[in-house]
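Here my numbering is used: the first residue of the sequence shown is 1, the next is one more, and so on.
Since the hints were made in silico from the structure, they are not lab data.
What follows is a set of in silico ranges between Cβ atoms, one per label pair, in the way DEER data are often shown:
{"no.": "1", "residue 1": "Ser-136", "residue 2": "Val-62", "range": "16 to 24 Å"}
{"no.": "2", "residue 1": "Asp-70", "residue 2": "Pro-119", "range": "22 to 30 Å"}
{"no.": "3", "residue 1": "Gly-10", "residue 2": "Glu-112", "range": "32 to 40 Å"}
{"no.": "4", "residue 1": "Asn-118", "residue 2": "Gly-184", "range": "21 to 29 Å"}
{"no.": "5", "residue 1": "Tyr-146", "residue 2": "Ala-187", "range": "39 to 47 Å"}
{"no.": "6", "residue 1": "Leu-128", "residue 2": "Phe-16", "range": "15 to 23 Å"}
{"no.": "7", "residue 1": "Asn-118", "residue 2": "Leu-190", "range": "19 to 27 Å"}
{"no.": "8", "residue 1": "Lys-106", "residue 2": "Gln-205", "range": "20 to 28 Å"}
{"no.": "9", "residue 1": "Ala-187", "residue 2": "Arg-17", "range": "46 to 54 Å"}
{"no.": "10", "residue 1": "Ala-187", "residue 2": "Pro-39", "range": "46 to 54 Å"}
{"no.": "11", "residue 1": "Ser-149", "residue 2": "Asp-27", "range": "16 to 24 Å"}
{"no.": "12", "residue 1": "Arg-135", "residue 2": "Gly-10", "range": "22 to 30 Å"}
{"no.": "13", "residue 1": "Ala-168", "residue 2": "Pro-39", "range": "28 to 36 Å"}
{"no.": "14", "residue 1": "Arg-17", "residue 2": "Asn-37", "range": "16 to 24 Å"}
All C-beta atoms in this analysis are idealised placements derived from N, C-alpha and C, irrespective of residue type, glycine included.
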Amino acid sequence: MKKTIRFFPGRMKVSFRKGPSGHLRQDPSDEAMRIKNNPALQDRSPARKHDLVKVDALTVVVRRGGDVSDQQELMGEYVLQFGKYKGKSSRWLLENDVGYIIYLIKKVDEEERDGRFNPQGPSKDSLLSFLDYARSFQEIEDLHRYLLSRQPAAPVASEADNLVGFGARTKDTWRQIWESRADGYAAFVLGVKCIQNSKMYNLQQYLLKQQRAESCPPPAEASTTSAASTPTSTTGELTQICKLVLYVNI
Numbered sequence: 001m002k003k004t005i006r007f008f009p010g011r012m013k014v015s016f017r018k019g020p021s022g023h024l025r026q027d028p029s030d031e032a033m034r035i036k037n038n039p040a041l042q043d044r045s046p047a048r049k050h051d052l053v054k055v056d057a058l059t060v061v062v063r064r065g066g067d068v069s070d071q072q073e074l075m076g077e078y079v080l081q082f083g084k085y086k087g088k089s090s091r092w093l094l095e096n097d098v099g100y101i102i103y104l105i106k107k108v109d110e111e112e113r114d115g116r117f118n119p120q121g122p123s124k125d126s127l128l129s130f131l132d133y134a135r136s137f138q139e140i141e142d143l144h145r146y147l148l149s150r151q152p153a154a155p156v157a158s159e160a161d162n163l164v165g166f167g168a169r170t171k172d173t174w175r176q177i178w179e180s181r182a183d184g185y186a187a188f189v190l191g192v193k194c195i196q197n198s199k200m201y202n203l204q205q206y207l208l209k210q211q212r213a214e215s216c217p218p219p220a221e222a223s224t225t226s227a228a229s230t231p232t233s234t235t236g237e238l239t240q241i242c243k244l245v246l247y248v249n250i
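Throw the hints in and build the complete structure from the sequences for me.
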């Protein structure tokens, strides 16, 4: 039985803009700059639902003879429903403004960690779909990891000096939250279910640690008495041994 070879004459792949050394360029292309700097060129129409965007993308890929089973090719034709580049395809954004993509990844990651990201609505559906598409490219993931590795961690004197970083008490330290726990805010934080490694989660771990330290009972007195009596007992035994040695020598 002969193996069927499928040929897609209209298949399209992303063509990244690269610098002389082969690294991805993060600056916007001339076309992207024109759109960013001219609001009249930006699409202000209502965001379309994800299902409709997908159907349109399927139609585009089929008409040009592309491979609809290739998720990267298909998602590359999804029309963006958010931001200044709304109305452009996902593939176009990869080819024209990688710096903006890195900004979006960082912004969404921070909002998810802080529990502030709201994934509701067609615009957010489009954003999350695009980020899945963008991060499926090794070039984007490598650049993102490289940029993260270059960010120095802000030094703090101790764990308790970390800033809350969210809500009404964003500028307070963890120590201040614990020391003012009588006002109920610490109890509120401990009762919230949040994302692991988010700012609120890390504060929760600190507060739990403080609770455990506060509830730890002091050492029992019996242990202290027993420990204190040990040297006396040992001294008595040594005295008896010395007397025995003297008696034998006599």
